[in-house]
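Q: Chains as they are written, first to last, in our numbering: chain R, 1 to 315; chain X, 1 to 439.
Note that these hints are calculated values from the structure, not bench results. Just to be clear, a hint being listed does not mean it is correct.
Unchecked claim - Okay, derived cross-link-like pairs now, DMTMM-like style, lysine to aspartate or glutamate, Cα gap no bigger than 25 Å in a straight line:
| # | chain 1 | residue 1 | chain 2 | residue 2 |
| --- | --- | --- | --- | --- |
| 1 | X | Lys418 | X | Glu390 |
| 2 | R | Lys5 | X | Asp356 |
| 3 | R | Lys75 | X | Glu357 |
| 4 | R | Lys312 | X | Asp258 |
| 5 | R | Lys308 | X | Glu394 |
| 6 | R | Lys17 | X | Glu363 |
| 7 | R | Lys5 | X | Glu296 |
| 8 | R | Lys308 | X | Asp393 |
| 9 | R | Lys70 | X | Glu363 |
| 10 | R | Lys69 | X | Glu390 |
| 11 | X | Lys7 | R | Glu315 |
| 12 | R | Lys312 | X | Glu374 |
| 13 | R | Lys312 | X | Glu394 |
| 14 | X | Lys112 | X | Glu26 |
| 15 | X | Lys399 | X | Asp387 |
| 16 | R | Lys5 | X | Asp340 |
| 17 | R | Lys17 | X | Asp387 |
| 18 | R | Lys75 | X | Glu355 |
| 19 | R | Lys308 | X | Glu374 |
| 20 | R | Lys17 | X | Glu355 |
| 21 | R | Lys17 | X | Glu17 |
| 22 | X | Lys399 | R | Glu315 |
| 23 | R | Lys5 | X | Glu363 |
| 24 | X | Lys277 | X | Asp195 |
| 25 | X | Lys418 | R | Glu65 |
| 26 | X | Lys247 | R | Glu315 |
| 27 | R | Lys261 | X | Asp387 |
If you're wondering where the values come from, they're calculated on a predicted model, not measured in any experiment.
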Amino acid sequence: MSESKFNMSASPHFRDKITSSNIMLMVTIALLPASAFGVYNFGIQALLMLIVTTVTAVVVEAIYEKAMKKPVTVKDFSAVVTGLLLGLNMPPTAPLWMGALGSIFAIIIVKQLFGGLGQNFMNPALGARCFLVISFTGPMTRFVYDGVTGPTPLGQLKAGEVVDTMEMLKGTIPGTIGETSVIAIIIGAVFLILMGVIDLRIPGTYIVTVAVFVGIFGHFANPDIAFFDPTYITAHLCGGGLMLGAWFMATDYVTSPITKKGQYLYGILMGVLTGLFRLFGGSAEGVSYAIIISNLVVPLIERVTLPKPFGKGGE
Amino acid sequence: MALLTFKGGIHPAEGKELAKDKPIKELKPVGDLVFPVSQHIGAPAIPIVAKGDRVLKGQMIAEAGGFVSSPVYSSVSGTVSGIEKRLNSTGGRVDAIIIQNDNEYEEVTREKANNIDELSKEEILKSISTAGIVGMGGAGFPTHVKLSPKEPDKIDYVIANCAECEPYITADYRRMLEYTNELVEGLEIILRLFDNAKGILAVENNKPDCIEKLEELTKDNDRIEVVKLQTKYPQGGERQLIYATTKRAINSSMLPADAGCVVDNVETIINVYYAVKEGKPCTERVVTVSGEGINEPANFMALLGTSQAELVEAAGGLKDDVKKLISGGPMMGFSMFSLDVPITKTSSAIIAFNEDEVAAHAETPCINCGRCVEVCPSRLVPSRLADYGERHDEETFLKFDGLECIECGSCSFVCPAKRPLKQSIGSMRKTALANKKKK
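Modelling step: build the complete structure from the supplied sequences, incorporating the hints.
A: Spelled out as structure tokens, the structure:
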């Protein structure tokens, strides 16, 4: 039989246009408003940090894959997303080498050693941030704003002080490079929702759970706060890493449940953990730990939330 | 009324505009006709002619090999030039009867039913089985078996599958427009077999002209209703269609009859009409020839056994840069390396593409995005089932209900990592089903 000029493959012969690289590229684009605001808010040091973490992540991934004789996959933009997210989670005043170290940790330890893209059991950027916070607690938790070292609004809230929620919405407050501006983060999130990259299940459930949790338990943490005090709840929602975490890190496909019901459960779990850490923990912030702990529970969540097959109880 | 549908599914490009307005055109074969003895699910038919025999159009050339089987008829008059292995559209080499056309189209004398209202149920079923009618939508399950459930009184619905959810194919669409009477009367004949059943003509809402025509024709018939389905793939999947129209969900170990339903597709029902009313065996069908790689997309009334190459030729031939040939629809059809294969009872379309979306991207690792879970009409987790399949972990595959997959391919369609999910799940299913049979 002569060689056929027609391609052979199993059906379906149609494929959707979307690719994994497109998705990662869209996430990168969606992070740009928060990145730009971070640079505006904190200056050139913030820009340098973002560049260092992103470039390091990409270069380290390429070197590792070359060394391991694996196909180099940096063109898929996943390392860019990891590096950029880590940068956005760094205090602007942290030394640049620390950002680079974080990126190396994220790519090598959290991602590649577990098998690369799709195999990491926790969000690489958050894993690296937690590693840095534990290793270099001082520089990683010192926040300087307008030349003054002071507490973040969440810190003030924990100390029972009054905070300005308008400033928190805009983002003109101390914090990590990318977490301060709610508006900039939401612009990116809306873009991702419109492009069909993320949906409201995880971030929506997460944010609502935090609101309900602090609405109820805020009073127990600080008796001066009334139940469901709107200003207090708003401050919690806009403060710290909740918005960046809920929209950009909790929604990381690889480390969140694949089942719909599981996504709701995962959102609730992160919300409760974040509330617990913030109100009753030693530190004012709790988003990073809440997310990576929830990451670890994902296999269990998936097991109990498997959909019922059609015709076997499912429709 | 709200559109009926199921959960999950996808919206691939429809592509139906290419051939939708092309009326069904008769096509006379030029070369030899090839009749595989197995054009259906079940035992192959057994040849009853020998090399050198002269046969007439409408003459049985192979008889049913059992109850779950179906006879094969010659679609032309001519001489049997051999019984040999020939290539079929799924790439296999199968036993086939070859007939040299004498272009006389001399037909056997048919026994027409004088008054079909006087036919008994047994007579109707016999006409259908004798005529060699099988599920012509693509499955090829013998129709008389489908229409003989254990308890016919428990059938509540006879559903005419007029969804035609596969992109590009317009054969059923043209049939519905040009053979509306035959379709409705065919459904009425089938309803005669089931005293307690209602007939449902389930049409996707991208065919408003068909809906209008069918509604007009059935407005005085209390037993038949036309329902509108949301245009979504795989709306015409048997389980999805039953759910959309009746809200009854069946699984892989059940038959539609277990949910009180019988489902038949447009082409099948029209062939039932001709078989019962005119004693005409299954010797032709409508075939869409379409796709960006076809010069003049068309719908043909093709005689079974005609070479697919002749249909493509009649449709203006292939463009120069065709990358892929498909027998059937783009979602569930088979890619072909040659057009030198015959039209059979289940050939609904020949599609040619200038671009191959499958070859356009390399496979990358799963990123767990959950798109496959979202679209799976069987409510499974395709990415994981594909993993079990790829590592031949049959036990886990079965534990997570891999057998429930209907192989619609929606998961492969949406996968951003371009994994051949359906292929991995499908091969594992095949192995698992074979092993199950052995036990």
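Q: Are the Cα positions of X/Lys399 and X/Asp387 separated by 25 Å at most?
A: Holds, at about 13 Å.
Q: Is it true that the CA of R/Lys69 sits at most 25 Å from the CA of X/Glu390?
A: holds (23 Å)
Q: Measure nothing beyond the straight line between the CA atoms of R/Lys17 and X/Glu363; if it is 25 Å or shorter, mark the hint as holding.
A: Given pair R/Lys17, X/Glu363 holds - Cα atoms ~14 Å apart, limit 25 Å.
Q: Please verify whether R/Lys5 and X/Glu296 have alpha carbons no more than 25 Å apart.
A: Status holds; Cα separation ~21 Å.
Q: For the pair supplied as a hint, R/Lys261 and X/Asp387, confirm whether the alpha-carbon distance does not exceed 25 Å.
A: holds (22 Å)
Q: Between X/Lys277 and X/Asp195, is the straight-line Cα distance small enough, at 25 Å or below?
A: Holds, at about 20 Å.
Q: With a cut-off of 25 Å on the C-alpha distance, tell me whether R/Lys312 and X/Glu374 pass.
A: holds (18 Å)
Q: Would the pair R/Lys75 and X/Glu357 pass a check requiring their Cα atoms to be no farther apart than 25 Å?
A: Answer holds: R/Lys75 to X/Glu357 is near 20 Å, not above 25 Å.
Q: Has the given pair, R/Lys17 with X/Glu355, been kept, meaning a C-alpha gap of at most 25 Å?
A: holds (13 Å)
Q: Straight-line Cα separation of X/Lys7 and R/Glu315 no greater than 25 Å?
A: holds (7 Å)
Q: Sort out whether X/Glu394 lies within 25 Å of R/Lys308, counting only the CA atoms.
A: At roughly 19 Å apart (the allowed maximum being 25 Å), X/Glu394 and R/Lys308 satisfy the hint.
Q: Is the Cα-Cα distance between R/Lys75 and X/Glu355 25 Å or less?
A: Within the cut-off at roughly 24 Å; holds.
Of the numbered hints stated above, none is contradicted by the structure.
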